[in-house]
Amino acid sequence: MTQAYGAEVLGIRTISDLATEDVPTEVLSKGYDEVSGKTTPLKMATYLILKPQKIKDLQAFLQPLPGIRKRLTEFLIAAVEEFD
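Numbering (the numbering used here), first residue to last: -19 to 64.
Keep in mind that the hints were calculated from the coordinates and are not lab data.
25 Å max Cα-Cα, derived BS3-like pairs, lysine-lysine:
1. K50 to K36
2. K36 to K23
3. K34 to K18
4. K23 to K34
5. K31 to K18
Okay, the calculated beta carbon distance ranges per label pair:
6. K50 to A25: 25 to 31 Å
7. F63 to K34: 41 to 47 Å
8. I29 to S(-4): 25 to 31 Å
9. A(-13) to I29: 47 to 53 Å
10. I29 to E62: 44 to 50 Å
11. E1 to Q33: 17 to 23 Å
12. L22 to A58: 35 to 41 Å
13. K18 to S(-4): 18 to 24 Å
14. L(-10) to Y12: 26 to 32 Å
15. E62 to L28: 38 to 44 Å
16. S(-4) to L30: 23 to 29 Å
17. E61 to T20: 36 to 42 Å
18. L(-2) to L56: 17 to 23 Å
19. E61 to T26: 41 to 47 Å
We put the CB at the ideal spot given by N, CA and C, even for glycine.
Based on the sequences and whatever the hints tell you, model everything.
As structure tokens, then:
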């Protein structure tokens, strides 16, 4: 926790995958255009239609995310409550 300009700031960085897990970067890269900074869901859908075997990789990556999001939300709520 640091204090700047009279306000306390807390930075939190989370990593949702383990070092031993494979992140489906090939699939994920189809869902985002780095140049424009925009999501490209149609491009990803087209890719998955042409390579349906990649759907399982994406599902395996996405499956634990709701639980991770829930735990992170609970942590952030507890951290914010400490400031009150």
